[in-house]
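Protein chains: 6
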Amino acid sequence: MKRTGIGKIALMLALNEGAALERHIEKFEEQNYMLYRGKVGSMETGKIFAAVETAAMREDMIRENYREEHALYHATMEAFSAYCRGQVDLGNVLRSTGLVFSIARGNLVSGDKSSGEWIAVVLYGQIGSPRQGFEHEAIGMGIQPV
Amino acid sequence: MKRTGIGKIALMLALNEGAALERHIEKFEEQNYMLYRGKVGSMETGKIFAAVETAAMREDMIRENYREEHALYHATMEAFSAYCRGQVDLGNVLRSTGLVFSIARGNLVSGDKSSGEWIAVVLYGQIGSPRQGFEHEAIGMGIQPV
Amino acid sequence: MKRTGIGKIALMLALNEGAALERHIEKFEEQNYMLYRGKVGSMETGKIFAAVETAAMREDMIRENYREEHALYHATMEAFSAYCRGQVDLGNVLRSTGLVFSIARGNLVSGDKSSGEWIAVVLYGQIGSPRQGFEHEAIGMGIQPV
Amino acid sequence: MKRTGIGKIALMLALNEGAALERHIEKFEEQNYMLYRGKVGSMETGKIFAAVETAAMREDMIRENYREEHALYHATMEAFSAYCRGQVDLGNVLRSTGLVFSIARGNLVSGDKSSGEWIAVVLYGQIGSPRQGFEHEAIGMGIQPV
Amino acid sequence: MKRTGIGKIALMLALNEGAALERHIEKFEEQNYMLYRGKVGSMETGKIFAAVETAAMREDMIRENYREEHALYHATMEAFSAYCRGQVDLGNVLRSTGLVFSIARGNLVSGDKSSGEWIAVVLYGQIGSPRQGFEHEAIGMGIQPV
Amino acid sequence: MKRTGIGKIALMLALNEGAALERHIEKFEEQNYMLYRGKVGSMETGKIFAAVETAAMREDMIRENYREEHALYHATMEAFSAYCRGQVDLGNVLRSTGLVFSIARGNLVSGDKSSGEWIAVVLYGQIGSPRQGFEHEAIGMGIQPV
Ligand SMILES: [Mg+2]
Ligand SMILES: [Mg+2]
Ligand SMILES: [Mg+2]
Ligand SMILES: [Mg+2]
Ligand SMILES: [Mg+2]
Ligand SMILES: [Mg+2]
Numbered sequence: 001m002k003r004t005g006i007g008k009i010a011l012m013l014a015l016n017e018g019a020a021l022e023r024h025i026e027k028f029e030e031q032n033y034m035l036y037r038g039k040v041g042s043m044e045t046g047k048i049f050a051a052v053e054t055a056a057m058r059e060d061m062i063r064e065n066y067r068e069e070h071a072l073y074h075a076t077m078e079a080f081s082a083y084c085r086g087q088v089d090l091g092n093v094l095r096s097t098g099l100v101f102s103i104a105r106g107n108l109v110s111g112d113k114s115s116g117e118w119i120a121v122v123l124y125g126q127i128g129s130p131r132q133g134f135e136h137e138a139i140g141m142g143i144q145p146v
Numbered sequence: 147m148k149r150t151g152i153g154k155i156a157l158m159l160a161l162n163e164g165a166a167l168e169r170h171i172e173k174f175e176e177q178n179y180m181l182y183r184g185k186v187g188s189m190e191t192g193k194i195f196a197a198v199e200t201a202a203m204r205e206d207m208i209r210e211n212y213r214e215e216h217a218l219y220h221a222t223m224e225a226f227s228a229y230c231r232g233q234v235d236l237g238n239v240l241r242s243t244g245l246v247f248s249i250a251r252g253n254l255v256s257g258d259k260s261s262g263e264w265i266a267v268v269l270y271g272q273i274g275s276p277r278q279g280f281e282h283e284a285i286g287m288g289i290q291p292v
Numbered sequence: 293m294k295r296t297g298i299g300k301i302a303l304m305l306a307l308n309e310g311a312a313l314e315r316h317i318e319k320f321e322e323q324n325y326m327l328y329r330g331k332v333g334s335m336e337t338g339k340i341f342a343a344v345e346t347a348a349m350r351e352d353m354i355r356e357n358y359r360e361e362h363a364l365y366h367a368t369m370e371a372f373s374a375y376c377r378g379q380v381d382l383g384n385v386l387r388s389t390g391l392v393f394s395i396a397r398g399n400l401v402s403g404d405k406s407s408g409e410w411i412a413v414v415l416y417g418q419i420g421s422p423r424q425g426f427e428h429e430a431i432g433m434g435i436q437p438v
Numbered sequence: 439m440k441r442t443g444i445g446k447i448a449l450m451l452a453l454n455e456g457a458a459l460e461r462h463i464e465k466f467e468e469q470n471y472m473l474y475r476g477k478v479g480s481m482e483t484g485k486i487f488a489a490v491e492t493a494a495m496r497e498d499m500i501r502e503n504y505r506e507e508h509a510l511y512h513a514t515m516e517a518f519s520a521y522c523r524g525q526v527d528l529g530n531v532l533r534s535t536g537l538v539f540s541i542a543r544g545n546l547v548s549g550d551k552s553s554g555e556w557i558a559v560v561l562y563g564q565i566g567s568p569r570q571g572f573e574h575e576a577i578g579m580g581i582q583p584v
Numbered sequence: 585m586k587r588t589g590i591g592k593i594a595l596m597l598a599l600n601e602g603a604a605l606e607r608h609i610e611k612f613e614e615q616n617y618m619l620y621r622g623k624v625g626s627m628e629t630g631k632i633f634a635a636v637e638t639a640a641m642r643e644d645m646i647r648e649n650y651r652e653e654h655a656l657y658h659a660t661m662e663a664f665s666a667y668c669r670g671q672v673d674l675g676n677v678l679r680s681t682g683l684v685f686s687i688a689r690g691n692l693v694s695g696d697k698s699s700g701e702w703i704a705v706v707l708y709g710q711i712g713s714p715r716q717g718f719e720h721e722a723i724g725m726g727i728q729p730v
Numbered sequence: 731m732k733r734t735g736i737g738k739i740a741l742m743l744a745l746n747e748g749a750a751l752e753r754h755i756e757k758f759e760e761q762n763y764m765l766y767r768g769k770v771g772s773m774e775t776g777k778i779f780a781a782v783e784t785a786a787m788r789e790d791m792i793r794e795n796y797r798e799e800h801a802l803y804h805a806t807m808e809a810f811s812a813y814c815r816g817q818v819d820l821g822n823v824l825r826s827t828g829l830v831f832s833i834a835r836g837n838l839v840s841g842d843k844s845s846g847e848w849i850a851v852v853l854y855g856q857i858g859s860p861r862q863g864f865e866h867e868a869i870g871m872g873i874q875p876v
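Taken in order, these protein sequences are the chains called A, B, C, D, E and F. Using the working numbering, the first residue of the first sequence is number 1, and each one after it goes up by one. Using the working numbering, the first residue of the second sequence is number 147, and each one after it goes up by one. Using the working numbering, the first residue of the third sequence is number 293, and each one after it goes up by one. Using the working numbering, the first residue of the fourth sequence is number 439, and each one after it goes up by one. Using the working numbering, the first residue of the fifth sequence is number 585, and each one after it goes up by one. Using the working numbering, the first residue of the sixth sequence is number 731, and each one after it goes up by one.
Derived list of chain F stretches under chain B, where covered just means 3 residues or more per stretch with a C-beta under 8 Å from a C-beta of chain B:
{"no.": "1", "region": "816 to 828"}
{"no.": "2", "region": "859 to 871"}
In silico SDA-like pairs for lysine to any residue, Cα to Cα no more than 25 Å straight-line:
{"no.": "3", "chain 1": "E", "residue 1": "Lys697", "chain 2": "A", "residue 2": "Asn65"}
{"no.": "4", "chain 1": "B", "residue 1": "Lys148", "chain 2": "A", "residue 2": "Gly38"}
{"no.": "5", "chain 1": "E", "residue 1": "Lys631", "chain 2": "B", "residue 2": "Gly237"}
Hints listed in this document are in silico derivations from the structure and should not be mistaken for laboratory results. In this text, all values refer to a predicted model and were calculated from it rather than measured experimentally. All C-beta atoms, glycine included, are put in the ideal place defined by N, C-alpha and C.
With the sequences and hints as input, model every part of the structure.
Below, the structure written as structure tokens:
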């Protein structure tokens with residue numbers, strides 16, 4: 001069976017829609033990945049971080065300890081830094097975002113237990129002026145061992 | 147017909163493989179997108195920039211003028227900054243990458259001519275130690291009007 | 293006739309005063325440049341971005357579409373990043389600014405139509421403690437095709 | 439007598455405790471260093487800058503002029519940038535800190551008058567979630583001639 | 585017994601000298617910390633990263649797997665980013681460094697097994713012109729779960 | 731007499747040409763400013779730093795001590811960071827520059843001795859592809875007490 005990285009698993013979870021999304025989730029949940037997909041929109045950077053962390057905790061994707069929370073935080077920070085492509089900020093530099101985020105937890109490479117357990121966070125959405133249609137797409141991903 | 151952003155078109159061009167990749171290319175070339183997918187691996191940042199620029203010029207995806215070359219350069223810079231998630235460097239900070247890059251040129255939103263013509267650059271691959279298996283995935287995307 | 297870059301045109305629009313400023317404006321408006329000079333002071337980064345964008349729209353320097361608004365936004369972001377020379381922030385790092393901003397729209401090089409149409413944003417002013425005399429000068433410029 | 443850099447003097451002022459701290463202060467005050475150690479905790483970046491500046495002014499460690507205030511500001515900015523190790527922000531990226539700061543003023547190298555007068559700012563503390571135990575240590579130092 | 589963070593353990597390992605250093609090492613090795621202290625000087629960023637990684641591997645402070653190597657790399661990256669206080673570079677911006685680095689592995693907080701196992705990297709030294717005496721001290725620290 | 735900031739003095743030294751440049755130099759040398767204007771072109775960041783430092787030393791604009799060299803270095807670093815408007819790099823990100831640099835030393839504000847002695851560094855030129863005409867203007871300025 002072809003091996004897939006946890007990054008691509010999280011990316012396709014954020015990018016797919018409809019039947020393809022359902023098949024993707026089913027396929028990788030069978031391979032013991034924990035998967036979550038949510039939405040958040042804001043001009044406040046903190047809201048993005050909070051949405052990812054709240055979802056991961058509510059869905060028991062990270063255990064209630066600092067090591068795992070730290071891994072999630074750094075993965076989210078990397079994803080958000082990438083999403084911003086330079087100045088890591090939203091409302092302070094007068095821009096807004098609406099995005100889908102995905103979280104995947106499991107082996108770094110599907111079917112390879114020796115690669116250990118990791119967590120991937122993907123942000124994919126629209127960034128721009130807080131005005132309809134004055135925005136373009138952006139993506140960011142962070143991956144950490146957990 | 148469902149509308150797709152140029153970002154997702156470039157992302158799926160980098161992420162898809164096999165038959166799904168072929169269908170994706172066929173579908174969006176019919177909608178007048180120019181698409182290109184290439185590979186590059188290096189410890190030198192400049193090699194990544196050069197691979198994208200050389201391909202775009204050779205494939206006539208940008209016209210031989212500075213306005214278009216400038217758009218491609220900034221899209222590549224944004225994609226590479228995102229890919230690095232912090233310090234924008236490879237070999238200087240002792241890491242290496244092997245990646246697929248994709249370039250898409252066409253409307254910002256498929257089927258919406260009023261959105262104008264844009265260029266999207268995606269980098270997707272593995273980043274890490276220059277040692278087999280000591281690496282994880284990364285992704286970056288930049289979008290500019292052209 | 294000597295050729296001048298749009299950057300220098302915007303720079304001298306921000307830096308000149310009195311009769312020299314009037315001659316500068318007259319000279320380059322005759323060469324079909326759109327020029328604007330305004331002032332803004334704040335501890336809030338967003339106020340600087342808003343002042344530039346509001347002026348450009350009110351003066352019809354950019355058309356009511358996303359491509360042009362995007363070019364202005366990126367030019368302003370580059371100018372502000374340069375102005376800050378490191379951490380891109382004002383009030384969060386306890387500093388304030390009072391500045392003159394200029395916007396120029398026209399050919400990249402005066403008298404060279406083949407260079408195409410570009411927009412330049414310059415910020416020039418004083419940055420420092422929110423206390424009289426505890427500040428020094430700063431400058432930043434961003435240039436984008438439009 | 440062994441020579442010590444102003445950086446190490448400020449570092450040990452922040453890191454030492456109890457009797458070792460008292461000996462350290464006594465030793466370097468005898469060598470004409472001005473020393474101060476304070477505490478501050480916040481999710482707001484500006485509060486950290488304000489705590490350092492207020493203490494330095496109240497303790498007459500910098501003279502009431504812009505040259506000296508500028509040196510202190512840049513030393514604090516360097517220390518805070520180092521403390522954050524990447525994105526220079528606290529509450530905006532949903533993290534909080536509680537820290538000890540130290541300020542030292544005197545020769546760059548103890549006992550070497552020719553090295554001139556400098557100021558060092560050190561921040562040492564815990565950074566993390568605003569939740570008990572979900573945090574790790576961080577340190578930052580900035581040094582400027584004054 | 586008073587509890588000490590792994591950060592302070594690594595900091596004092598880099599900052600102490602002579603008998604105090606020996607006592608420090610003895611005290612925390614008894615508490616099951618793995619400790620290492622080395623030296624490196626260079627104008628090349630990569631040499632700093634290589635010195636830390638080589639030492640950690642040779643001393644068996646990290647196991648021969650990617651999860652642990654990744655933790656060490658990110659700790660070193662954070663330490664080096666902090667050390668540079670802005671532009672993360674040495675020779676490219678015409679500066680050189682000579683430094684002591686320390687690595688500590690063990691509980692996040694001494695005597696608290698529930699805090700789990702972490703790795704801390706500290707860089708402490710002189711940074712400046714490649715000319716005797718034209719340099720000042722700098723410090724950086726990164727901490728990651730391992 | 732109207733007062734001028736050292737920043738504007740250095741800016742006009744870099745931007746003026748011909749007779750206006752000569753009048754500018756004469757006017758501010760009479761007011762005891764030390765002024766220098768040079769040129770440098772390169773794809774190597776280090777060459778820009780070296781050109782400024784070498785000129786300042788050769789022209790005796792800074793004294794042969796670390797305090798003054800440090801002030802010049804930080805002013806140059808700020809100017810170069812601003813000039814790059816994001817990623818602080820040239821050849822590594824496949825771009826080249828040709829620029830005029832200016833250095834001014836004297837009071838922060840002309841005719842105001844109480845403002846103390848400062849140094850300003852300005853970089854103004856063209857940045858872009860290493861290909862004729864594929865470049866646009868950029869500017870950067872750094873100011874430090876000396
Ligand atoms: Mg951390
Ligand atoms: Mg550009
Ligand atoms: Mg954009
Ligand atoms: Mg300053
Ligand atoms: Mg990583
Ligand atoms: Mg320095």
